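**Q** Chains as they are written, first to last, in my numbering: chain A, 6 to 357; chain B, 59 to 399; chain C, 176 to 586.
In short, the hints are calculated from the structure, not lab data. Quick caveat: nothing in here was measured; it's all calculated off a predicted structure. Fair warning: there could be bad hints in the mix.
To be verified - Chain A stretches covered by chain B per the calculated footprint, using a threshold of three residues with CB under 8 angstroms from any CB of chain B: (1) 120-133; (2) 282-291.
As the list claims (entries may be wrong) - Partner residues are not named here, just some residues of chain C that face chain B (Cβ under 10 angstroms, in silico): (3) G343; (4) N345; (5) Q449; (6) V451; (7) W474; (8) D475; (9) T478; (10) A483; (11) S489; (12) R493; (13) R496; (14) F521.
Positions of the beta carbon are idealized from the N, C-alpha and C atoms, including for glycine.
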Amino acid sequence: MSKPILQTEDLSIGYRRPRAAPFTVARGITASLGAGECVCLVGPNGAGKSTLLKTLAGMLRPLGGRVLSGGEPLHGLRPLELARRLSVVLTDRVQAGALSAYALVALGRYPYTGWTGRLTAHDDEHVRRALSAVGAEELAPRSVLELSDGERQKVMIARALAQDPEVMILDEPTAYLDLPRRVEVLGLLRNLAHRKSRAILLSTHDLDLALRTADRIWVLARGGRLSCGVPEDMVLGGVFETAFESEGVLFDRETGSFQVSGEATATVAVTGEGAVWRWTVRGLERAGLRAVTGDEAASAMFQVEVAPVENSVDWQLTRDGDVVSGRGVEALLIELQQVRWAVPASGSHSSP
Amino acid sequence: MIGLLFGALCLVFALDLALGSVRIPLGDIISVLFGNGAGKESWEQIVMAYRLPRALTAMLGGAGLSVAGLQMQTLFRNPLAGPFVLGINAGASLGVAAAVLAAGGLAGAGLISGLSVFGSLGAVVSATLGSALVFGMIMLVSRRVESNMTLLILGLMFGHTAGAAVSVLLHFSAAEQIRVYVAWTFGSFAGVGWSQLQVLAPAVLAGLAAAFLLVKPLNALLLGEAYARSMGLTVRRARLAVLAGTSLLAGAITAFCGPIAFLGVAVPHLCRGLLDTSDHRLLVPAVTLAGGVLALTADLVAQLPGSQAVLPLNAVTSLIGAPVIIWVILQRANLRSTFAS
Amino acid sequence: MRLHWAGLIRAGLIGWPLILLLLLALVPGCSAGDPGTDAPAPAESSALDPTQGAELGAARTELRHAGMFTVTYHPFGKEVAVQVPWRPPGDPLHFLLIPRGAPVPAGFAGHRVVEVPVRSVVALSTTYLAHMESLGLLDTLVGLANFNHVCSPAVRQIIDQGRLAEVGENQTVNVELLIELDPELVLGYGIGVAEDDNHPALFEAGLDVVLTTEFLEPTPLARAEWIKFIALFFDREAEAEVLFSRMEQRYLELQGLARDAGSRPTVLLNADFQGVWYLPGGRSYMATLLHDAGASYIWDDDTTSTTAAYDAESVFERGARADFWLNPGQARSLDELLSLDRRYNFFDAVHHCKVYNCTARLGPGGGNDIWETGVANPHLVLADLVRIFHPGLLPDHELIWYHQLNCPEQN
Numbered sequence: 006m007s008k009p010i011l012q013t014e015d016l017s018i019g020y021r022r023p024r025a026a027p028f029t030v031a032r033g034i035t036a037s038l039g040a041g042e043c044v045c046l047v048g049p050n051g052a053g054k055s056t057l058l059k060t061l062a063g064m065l066r067p068l069g070g071r072v073l074s075g076g077e078p079l080h081g082l083r084p085l086e087l088a089r090r091l092s093v094v095l096t097d098r099v100q101a102g103a104l105s106a107y108a109l110v111a112l113g114r115y116p117y118t119g120w121t122g123r124l125t126a127h128d129d130e131h132v133r134r135a136l137s138a139v140g141a142e143e144l145a146p147r148s149v150l151e152l153s154d155g156e157r158q159k160v161m162i163a164r165a166l167a168q169d170p171e172v173m174i175l176d177e178p179t180a181y182l183d184l185p186r187r188v189e190v191l192g193l194l195r196n197l198a199h200r201k202s203r204a205i206l207l208s209t210h211d212l213d214l215a216l217r218t219a220d221r222i223w224v225l226a227r228g229g230r231l232s233c234g235v236p237e238d239m240v241l242g243g244v245f246e247t248a249f250e251s252e253g254v255l256f257d258r259e260t261g262s263f264q265v266s267g268e269a270t271a272t273v274a275v276t277g278e279g280a281v282w283r284w285t286v287r288g289l290e291r292a293g294l295r296a297v298t299g300d301e302a303a304s305a306m307f308q309v310e311v312a313p314v315e316n317s318v319d320w321q322l323t324r325d326g327d328v329v330s331g332r333g334v335e336a337l338l339i340e341l342q343q344v345r346w347a348v349p350a351s352g353s354h355s356s357p
Numbered sequence: 059m060i061g062l063l064f065g066a067l068c069l070v071f072a073l074d075l076a077l078g079s080v081r082i083p084l085g086d087i088i089s090v091l092f093g094n095g096a097g098k099e100s101w102e103q104i105v106m107a108y109r110l111p112r113a114l115t116a117m118l119g120g121a122g123l124s125v126a127g128l129q130m131q132t133l134f135r136n137p138l139a140g141p142f143v144l145g146i147n148a149g150a151s152l153g154v155a156a157a158v159l160a161a162g163g164l165a166g167a168g169l170i171s172g173l174s175v176f177g178s179l180g181a182v183v184s185a186t187l188g189s190a191l192v193f194g195m196i197m198l199v200s201r202r203v204e205s206n207m208t209l210l211i212l213g214l215m216f217g218h219t220a221g222a223a224v225s226v227l228l229h230f231s232a233a234e235q236i237r238v239y240v241a242w243t244f245g246s247f248a249g250v251g252w253s254q255l256q257v258l259a260p261a262v263l264a265g266l267a268a269a270f271l272l273v274k275p276l277n278a279l280l281l282g283e284a285y286a287r288s289m290g291l292t293v294r295r296a297r298l299a300v301l302a303g304t305s306l307l308a309g310a311i312t313a314f315c316g317p318i319a320f321l322g323v324a325v326p327h328l329c330r331g332l333l334d335t336s337d338h339r340l341l342v343p344a345v346t347l348a349g350g351v352l353a354l355t356a357d358l359v360a361q362l363p364g365s366q367a368v369l370p371l372n373a374v375t376s377l378i379g380a381p382v383i384i385w386v387i388l389q390r391a392n393l394r395s396t397f398a399s
Numbered sequence: 176m177r178l179h180w181a182g183l184i185r186a187g188l189i190g191w192p193l194i195l196l197l198l199l200a201l202v203p204g205c206s207a208g209d210p211g212t213d214a215p216a217p218a219e220s221s222a223l224d225p226t227q228g229a230e231l232g233a234a235r236t237e238l239r240h241a242g243m244f245t246v247t248y249h250p251f252g253k254e255v256a257v258q259v260p261w262r263p264p265g266d267p268l269h270f271l272l273i274p275r276g277a278p279v280p281a282g283f284a285g286h287r288v289v290e291v292p293v294r295s296v297v298a299l300s301t302t303y304l305a306h307m308e309s310l311g312l313l314d315t316l317v318g319l320a321n322f323n324h325v326c327s328p329a330v331r332q333i334i335d336q337g338r339l340a341e342v343g344e345n346q347t348v349n350v351e352l353l354i355e356l357d358p359e360l361v362l363g364y365g366i367g368v369a370e371d372d373n374h375p376a377l378f379e380a381g382l383d384v385v386l387t388t389e390f391l392e393p394t395p396l397a398r399a400e401w402i403k404f405i406a407l408f409f410d411r412e413a414e415a416e417v418l419f420s421r422m423e424q425r426y427l428e429l430q431g432l433a434r435d436a437g438s439r440p441t442v443l444l445n446a447d448f449q450g451v452w453y454l455p456g457g458r459s460y461m462a463t464l465l466h467d468a469g470a471s472y473i474w475d476d477d478t479t480s481t482t483a484a485y486d487a488e489s490v491f492e493r494g495a496r497a498d499f500w501l502n503p504g505q506a507r508s509l510d511e512l513l514s515l516d517r518r519y520n521f522f523d524a525v526h527h528c529k530v531y532n533c534t535a536r537l538g539p540g541g542g543n544d545i546w547e548t549g550v551a552n553p554h555l556v557l558a559d560l561v562r563i564f565h566p567g568l569l570p571d572h573e574l575i576w577y578h579q580l581n582c583p584e585q586n
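Can you make the complete structure from the sequences, with help from the hints?
**A** Structure representation (structure tokens):
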């Protein structure tokens, strides 16, 4: 890890309430964020991800402990000083009225401009670089009212970037985006962290993407325990199973993804390889069946063999000696659904 | 566009000076303005003592109310906000209603307790006291309240409370006292002479200056309080400054001219529509000019040039203002661009 | 607030012509007439014994000035028709006055019937008080709208004795209290504006309400002639005729005197309110008074009797050179007047200290006696005005209601 630029010391986070004791969301948080790092904060809903981000961004005061920025207590910084060190992208959709994308990004120069907010050549340079860093140069003259969600998110990130901070904190920057846009935005943030030596901390629900993209993962479990590490160590260490338990989903350590933990009614041994194997397994799991391999395969109720064919999959389903074959995952699922009724439920399953 | 607005302002200002219920030749008016007398002594006095202060008041009043409305719309991110959302005018109304009744009580029965008992000056003083009262309460609670939305709701509550108090007062007053009050609510730029302008003008200019100084925080507030704070704006201080400025504008203008409707809400929308921007560096000057233009136009129409009669200003501001705004909004394909939020 | 405000704005948008119209009744200062006030002129009181009312029909009321009511004598009683503002001309409200105990004659079932002479009266306007006092009828008074408006010492005395009930005015009238009082007659008025009028509620409560509209009479004599209207309910027509004729004669005398005065000074009325002057029309009560006092009202060429709103500059154009200025609001000195608006300095009348106000006689509750005694005694008001405009004609008359605003330094 590179030199830490944002650290927490025994931090307690939560909300102060009028005429009531503060509501503590998490306590004992000690973590640090280094330059050039892109860190994803994940955790089940309600674990306090937003509270943590707001506290780290100086928007909420900690209930206990402290946040250090470059060794100084962050919450003691003057607003303008803080704004020069740290910028944010919030989860709510911004309705700024009729502003060009350029003007919106230029607002990021707020901590640096004079009383009118007029941009110097230097400021203009920053704004243009921020726009180009997110690949949004061509959006500059357009009104933010006309931008798509993805374009607007890029512009908001450019705005945070134009603030020229050491740390950028983003609360679910991918919330409104479709998958390709999510991949693009996360990739963009990682590149910003790496190339500009900024520390970037973002929260996301997209665990799969986070595991593939983040330099480090912070997992905030329900109950407020924060675990930090590189994605792979976190997976192998079983952190996700603990953090997300009782969510109604199961974390598959093999694939690094969640499965819906419904009542699996039947086991299926799938043989084959490559993409057709993987996607067939996914399809079966989605349909509530359990795909098994190895020792278990022998006792499985169904055997499925898959082989690639042009842009699809050919399969052969065997059950008690009956063999059916067909093409495409959908046909297989329909077939299985029909035969399954004849099969007694195999009982509950433990986690994989 | 700003240049165009400035031109329009000069034009209607000149028209407001040139036209009135008394027909005065243009040559005489120009001659008076350059310090050479007119064909009749009374013309000189009409231009210098009536038309000039009236036109200046209309310009200042329109500009002040419109800029106050713009700031409120931005601060509360609410397109329906205007200079009076926080109940400033209700406070002023309460002051006037109370004073009218008090004057009526003192002067006693019948008509004698009519308008003139009370006089314009009484209206100014009591409206100032009333709006200052509400302003004080807003300032007091705004120190304790975090969210602007809460503040907005509290402002509405102040307004409703003051309004209810007015209703109660009116309920227990004689018909002619009510009419005095109603006459005040018509609004007028014509009650202001040079001596009142000595108070009104500095107040409005200070309020406008404050708005110009606040363009940067206002722009930051376009993104909402949270972003504004993250960019280094001390939101509470900015809010206090905005509230103080708008209260000064709305309070002073209402005190001198009555509760003038519509301009404060409409002109910001008009300018956002015309300029297609929410950037306050453009909007504040544009709204200042456009507010002056609309107010002068309304004043011009209210005087019914050529006749001795007058129309209530408030009826005119709405009658000429509303179609303009509707036209501008319909011209814009994108309705959202005319709204602050 | 929102609703109320909306109502006012609506009034401003739609209702303004109506409201302006109504301001007629509101003419500030001493002009116009409203169901304001009036109190008895003690000197005029003939104080006849009310129990010895003239025999019905013995003296028949004849009207020479009043136009808003008519009387028709029938064998079975008196039919009174009052023209009210909310009904078209020629479609008055009818009241039938029949002797106490007599049956309601056939064909009059739908009429509002009052048995006369009435023995208990509630007066909802002080306008009636002076007439009642002149006719010696104060003993019949049991209630008033608002004690504060009363100036007459005689009425104040019976108020202080606790003999009168205060029933409230306009919409705040206490109907329950009125029902409890159960007067034989309620003298009220209506202007045809639902927000102000209370007579519908009173009619509905079954009270014997009679509406008067003397405030719509455009001349002082017509307004004063309503003493005959009051007298009808007490069978005192003969006394009313005597009292009125005396006033009428003096009024006409003074009018003739002023007409021959030679000069006709010009007169400005009222004051600026927010750049607007609400001025009575050229055929209004106040304009008639000025005209009869040998003066020329600056809006003499106007042919209306209603009040209208005028732009300040047009008033200035006409009024700045006026010789006199009457009723400039409530100011009691020129200094005070000028503090309201420096522009008053441009008015000649201010320069020459010829500014008069009618606020010399205010009652203890703030009521102005000109609306009590003055309206009932137009000859005395006229005398005040003649003394102001033509001091040489009435050297011995001392101003009653008017007084000159004191000049700080004569210039």
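**Q** Decide, hint by hint, whether the structure agrees.
**A** Against the structure, the hints come out as follows:
no., hint, result
1, 120-133, "holds (count 4)"
2, 282-291, "violated (count 0)"
3, G343, "9 angstroms, holds"
4, N345, "5 angstroms, holds"
5, Q449, "3 angstroms, holds"
6, V451, "6 angstroms, holds"
7, W474, "9 angstroms, holds"
8, D475, "14 angstroms, violated"
9, T478, "14 angstroms, violated"
10, A483, "6 angstroms, holds"
11, S489, "4 angstroms, holds"
12, R493, "9 angstroms, holds"
13, R496, "8 angstroms, holds"
14, F521, "5 angstroms, holds"
Taken one by one, the earlier hints fail for this structure at numbers 2, 8, 9, listed in ascending order.
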